[in-house]
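Respectively, the protein sequence lines represent chains A and B.
Residues in the first sequence are numbered consecutively from 15, following our numbering.
Residues in the second sequence are numbered consecutively from 995, following our numbering.
Just so you know, these hints were derived from the structure itself, not from any lab.
In this text the structure is predicted, and so the values were computed from the model without any measurement.
There's no promise every hint is true.
[Unchecked claim] The calculated EDC-like cross-link candidates involving lysine to aspartate or glutamate, where the alpha carbons are at most 20 Å apart (straight line), are:
#, chain 1, residue 1, chain 2, residue 2
1, B, Lys-998, A, Asp-53
2, B, Lys-998, A, Asp-188
3, B, Lys-1004, A, Glu-56
4, A, Lys-198, A, Glu-183
[As the list claims (entries may be wrong)] Ranges of calculated distance between the beta carbons of each label pair, as one might list FRET restraints:
#, chain 1, residue 1, chain 2, residue 2, range
5, B, Met-1001, A, Gly-91, 26 to 36 Å
6, B, Gly-1051, A, Lys-276, 53 to 63 Å
7, A, Leu-152, B, Pro-1045, 36 to 46 Å
8, A, Ala-38, B, Met-1001, 57 to 67 Å
9, B, Leu-1076, A, Phe-68, 43 to 53 Å
10, B, Asn-1057, A, Asn-117, 19 to 29 Å
11, A, Arg-84, B, Phe-1199, 53 to 63 Å
12, B, Gly-1051, A, Phe-37, 46 to 56 Å
13, A, Lys-276, B, Pro-1045, 46 to 56 Å
14, A, Phe-75, B, Val-1050, 19 to 29 Å
15, B, Leu-1042, A, Leu-152, 11 to 21 Å
No residue lacks a Cβ here, since even glycine has one placed at the ideal position from N, Cα and C.
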Amino acid sequence: MKKLMNNKYLYSVIAILILILYFAPLYWMFVSGFKPPQDLFEYPPKLIPTNITFEPLQRVFAAGVLRYLRNSFIIAGSSMIFTMIVASFGAYAIARLKARWANWILLFFLVAQMLPPVLMATPLFIIFYNMGLTNTYLAVILANSTLAVPFAVIMLRTVFLQVPKDLEEAAMIDGCTRFQTVIKITFPVAKSGMVVVSVFSFIFAFGDFIYALSMMNQEHMQPATVGLYNFMGSQAIQWNSVMSFASLTALPLIIIFIVLQKRIVQGLSAGAFK
Amino acid sequence: MNFKNWMRKKGYLYVFLAPSIIFMGIFTAYPIIYNFIISLQDVNVMTLARPDKEFVGLENYINIITDSTFLVVFKNSVIFTLGSVFFQFIIGFALAMFLVKNFPLNNFVRGFIVVGWVIPPVVVGTVWKWLLNTDFGLINYFLSQFHLLTNNISWLTNPDMAMIGILIANIWLGIPFNMMLLIGGLTGLPQTVFEAAEIDGANWFQKLFFLTIPMLRQTISATLMLGIIYTFKVFALIWVMTGGGPVNATNVLPTWSYQLSFDFFNFSQGAVVANLMFLIMLVFSIVYINYIAGKED
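Could you build all of it, start to finish, from the sequences and the hints given here?
See the structure below:
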């Protein structure tokens, strides 16, 4: 018994079973998207599909899934770029400022990061409405950045605290301005941390639902999350098409995750407490 | 000291800081204050664009708190938050305990479970809505296979079951986050203590309750507090799965606030509910931040 319990291969098998169990919902999403309607409502359900059809996929393409995904990329990409520009300088300043009030600013960002998005939804809607900004990408990008900027400042501050000042001073002696020093020395040194934070900002904005839902009613600008919600509600639910839409919405993030998995996991375990 | 010198020595930090402060001032601090103002006015579709909105004092607050929906929604928020956090934590903790063990695939499995965390809540909600489908959902199928039920459960359309339905989906979503934080804490524990306990003949339960949990106390409290903060504001998952229904069975503070503002166009009452959430969240955040700050000293 003791020997069996210490068996590393047994552990691996259990681990794989856990992984399969955890991923079952995602697997089911994926395969349901390739099933013809009669197989979808078959009892017992076929865990491994035998009749594969691309019809749901075609219907989803006809419903404009690519346009929705493009909008998601526009919103998430812009929000990420905006966040990184604003937050990296802000985080650098907070990391280097020794004044006591810098801690208060940090506290403000910490609290801001934890605020519920729904809290901002009503006032931001009215503010943007009165500025004539509802139904623009800009409104949704700015709204998403209200969550991403404080998050990025907090994460990047700890990253910049680890960049040695000697490097910066050497660059200053060589005649760089402060701005040049930060751009040419600090940011490149902190590159891996900055990549993680950009990816997080992108993932947050790509997953946004409430801001796009409340601020955009023009279908041609809505992101994939809102597209999926409306697609599900627009008809008697055809689950194969809905699952196909859901798979395509999740796919970009799954790919990003797989490519950058190591860094994301490190970032998640390192940054969450700070 | 001239301006150029000052800029080079210290002033540049203010210039660097300015954009983030200005941005957060306009798009976070101001909306929070504005939200408070709206909550004291009468703002609906008719008065939305009017510059002089009627000041009604605490009327909106009184209307919300005396609304019979308020107690239901508040109770739902508490049940949803505590239920999610409890199970996410227990499962996350069990997985963390297992996956910190040293065996060939531990890192692989650990890394991949985190995928669940990057998938948009809207997608997760949609998938679970299908899995929990009454007639053709996979969950009812498996439950009936194991003879755990005779009639299919209407997870999301029966008011008595809907809360459990959304809880299942949200627990699934939160497991990776809990697991990662706890793995971080577990890997930091000194192994020699456990070895000494083993020599003294401590069994698995004794090690768990007298060593692991006490030593992990700070990580555990931080994980639970963050869990509460994150779960309390869940909106998309619930909105997609039930829209707060049936008959408010899954209506929580975020979904109710959204409904009031964007379905009923009663922006003032939406703001009131959001403000009540804000107060609760603020208390939790400050408790959490204080705790973390205390830990670092």
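Now the hints, each set against the structure:
1. B:Lys-998 / A:Asp-53: violated (74 Å)
2. B:Lys-998 / A:Asp-188: With Cα atoms ~17 Å apart, Lys-998 (chain B) and Asp-188 (chain A) stay inside 20 Å; holds.
3. B:Lys-1004 / A:Glu-56: violated (70 Å)
4. A:Lys-198 / A:Glu-183: Roughly 12 Å separates the two Cα atoms, so the pair holds.
5. B:Met-1001 / A:Gly-91: 26 to 36 Å: holds (33 Å)
6. B:Gly-1051 / A:Lys-276: 53 to 63 Å: 56 Å Cβ-Cβ, so the 53 to 63 Å window holds.
7. A:Leu-152 / B:Pro-1045: 36 to 46 Å: violated (23 Å)
8. A:Ala-38 / B:Met-1001: 57 to 67 Å: With a Cβ separation near 59 Å, Ala-38 (chain A) and Met-1001 (chain B) satisfy 57 to 67 Å, so the hint holds.
9. B:Leu-1076 / A:Phe-68: 43 to 53 Å: Holds - the Cβ-Cβ distance for Leu-1076 (chain B) and Phe-68 (chain A), about 44 Å, lies within 43 to 53 Å.
10. B:Asn-1057 / A:Asn-117: 19 to 29 Å: violated (40 Å)
11. A:Arg-84 / B:Phe-1199: 53 to 63 Å: holds (55 Å)
12. B:Gly-1051 / A:Phe-37: 46 to 56 Å: Because 53 Å falls inside the window, the suggested range holds.
13. A:Lys-276 / B:Pro-1045: 46 to 56 Å: Because 53 Å falls inside the window, the suggested range holds.
14. A:Phe-75 / B:Val-1050: 19 to 29 Å: violated (50 Å)
15. B:Leu-1042 / A:Leu-152: 11 to 21 Å: For Leu-152 (chain A) against Leu-1042 (chain B), whose Cβ atoms are near 20 Å apart, the range 11 to 21 Å holds.
In terms of the numbered hints stated before, the structure departs from hints 1, 3, 7, 10 and 14, listed from lowest to highest.
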